[in-house]
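Trainee: Residue 426 is where the sequence shown ends in our numbering, and the numbering goes up by one at each step.
Careful: at least some of the hints might be erroneous.
Within a straight-line C-alpha distance of at most 25 Å, the following computed BS3-like cross-link-like pairs (lysine-lysine) qualify [as the list claims (entries may be wrong)]:
| # | residue 1 | residue 2 |
| --- | --- | --- |
| 1 | LYS224 | LYS294 |
| 2 | LYS222 | LYS252 |
| 3 | LYS252 | LYS236 |
| 4 | LYS236 | LYS294 |
| 5 | LYS294 | LYS264 |
| 6 | LYS252 | LYS264 |
| 7 | LYS106 | LYS175 |
| 8 | LYS83 | LYS106 |
| 9 | LYS236 | LYS222 |
For each label pair, taking beta carbons as the anchor points, the in silico distance ranges come out as [to be verified]:
| # | residue 1 | residue 2 | range |
| --- | --- | --- | --- |
| 10 | TRP174 | ARG66 | 36 to 42 Å |
| 11 | ARG271 | HIS166 | 28 to 34 Å |
| 12 | ARG269 | LYS294 | 21 to 27 Å |
| 13 | TYR314 | ASP354 | 43 to 49 Å |
| 14 | GLY149 | GLN315 | 23 to 29 Å |
| 15 | HIS242 | LEU311 | 21 to 27 Å |
| 16 | ARG269 | HIS101 | 32 to 38 Å |
| 17 | ALA296 | PRO102 | 43 to 49 Å |
| 18 | ARG181 | ARG285 | 20 to 26 Å |
| 19 | HIS187 | SER416 | 15 to 21 Å |
| 20 | ALA127 | ASP354 | 24 to 30 Å |
Hint data in this document are derived by calculation from the structure and do not stem from the laboratory. For each residue, glycine too, the CB sits at the ideal point set by N, CA and C.
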Amino acid sequence: MITIAFTMISGHNWTGGYNYLLNLVTLLARYRKDEICPIVFFGTDVKEDEVAPFGSLDGVTVIRHPLFNKSRSLRSLILSLATGTDRSIRAVFNKHHIDVVFEVAQFFGFSLGLPAIAWFPDFQHRYLPHLFSRFGYWKRDIGFRLQIMAHRSIMLSSEDSKLSCEHFYPAARGRTHVVRFAVPPKGKIDYSVARAIADKYGLPEHYVFLPNQFWKHKNHLLVLEALKILRERGREITIAASGNQSDPRDPAYFPSLKAAIEEDGLEQNFRLLGLIPYQDLAPLGIASVGLLNPSLFEGWSTTVEEALSWGVPLILSDLNVNREQAGEAATYFNRYDAHSLADALAAVRPHTAAMIDTSGDLALAMSNERVLRFVSDFTSLVRHTCNQVQ
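The whole structure should be built from the sequences, with the hints applied where relevant.
Mentor: Structure, rendered in structure tokens:
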């Protein structure tokens with residue numbers, strides 16, 4: 037049995053990171069209960085509704101401690117850099133017999149004394165530096181460099197990310213490991229049930245689902261341009277867009293997007309659903325004619341991964357990582373060309389409930405295979421890291 041320490045990944049500011057951690061710990065508890073013992077450390081400043089889902093998992097231990105409070109993170113980093121490690125946090129890890137530490141956007145020092153896995157979600161700051169403040173860019177880049185210098189095992193979510201990592205940080209070569217994350221299917225959802233959820237949001241019979249946070253790199257403005265082009269062609273298409281409507285790096289982004297929607301008279305074509313309950317996500321996907329992800333950058337898309345388990349058509353930007361993730365299951369368009377996106381949207385055809393049932397059965401089977409591979413690859417990395425001589 038290997039005991040692994042996880043610490044809180046973001047929260048409301050980055051729901052993808054929080055959901056990633058919850059999904060990973062859930063799968064470990066489900067499939068590796070006899071091999072991996074997850075302990076999740078939360079600060080006392082974390083809201084109870086964020087902690088509760090972890091505490092409800094059988095075989096998962098939750099520890100709340102002020103050493104992990106957000107207000108202390110800078111002090112912990114300074115101690116780790118100045119003395120080699122934050123000794124107080126190391127003492128907590130040792131008290132709970134931690135064998136391996138999972139680091140994300142944190143650095144516990146060169147002399148932590150425990151093997152550690154550093155997960156690099158993506159390298160967006162290197163490809164889209166204009167979306168980062170100077171401080172935000174260097175905070176992220178220096179953090180990656182510190183973890184590489186500290187000889188962490190580097191976990192990446194795609195072969196595309198591995199190529200980027202080893203290109204930008206040659207010192208990481210030989211210690212990079214690809215672990216493609218997967219999400220368990222929610223079980224088969226009847227089309228009539230899914231349609232009832234769509235009706236709750238007042239959506240038409242045919243719509244395209246766009247469940248992305250409203251961050252600038254998610255490329256929503258291109259979708260507006262494509263909708264205007266389709267209108268000029270005599271085509272009216274509805275996009276149902278859900279997600280967090282706040283971009284912490286560019287607070288003006290969503291207000292400007294909303295203003296553009298109103299200025300172009302696209303309120304009925306681009307429906308803003310807000311941050312919807314998670315349980316509504318799959319039904320809205322299944323009731324749609326397809327899922328759209330126009331993003332300018334992804335590490336490995338959670339929305340695409342979930343959509344693959346629904347069996348709905350995918351319309352994706354032409355990122356290498358999207359092609360790696362979805363393969364022939366998607367239609368791709370030029371992420372900088374609104375006409376290309378308009379053509380892809382115009383090509384989407386409504387599907388019947390029978391078609392959804394057939395594609396859904398196959399999608400569920402393939403999704404389960406991806407989940408088992410994800411858990412197996414992660415467990416192998418944990419064992420590999422635990423056996424490393426520090």
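Trainee: Of the hints given before, which are not true for this structure?
Mentor: 1, 2, 3, 13, 14, 16, 20
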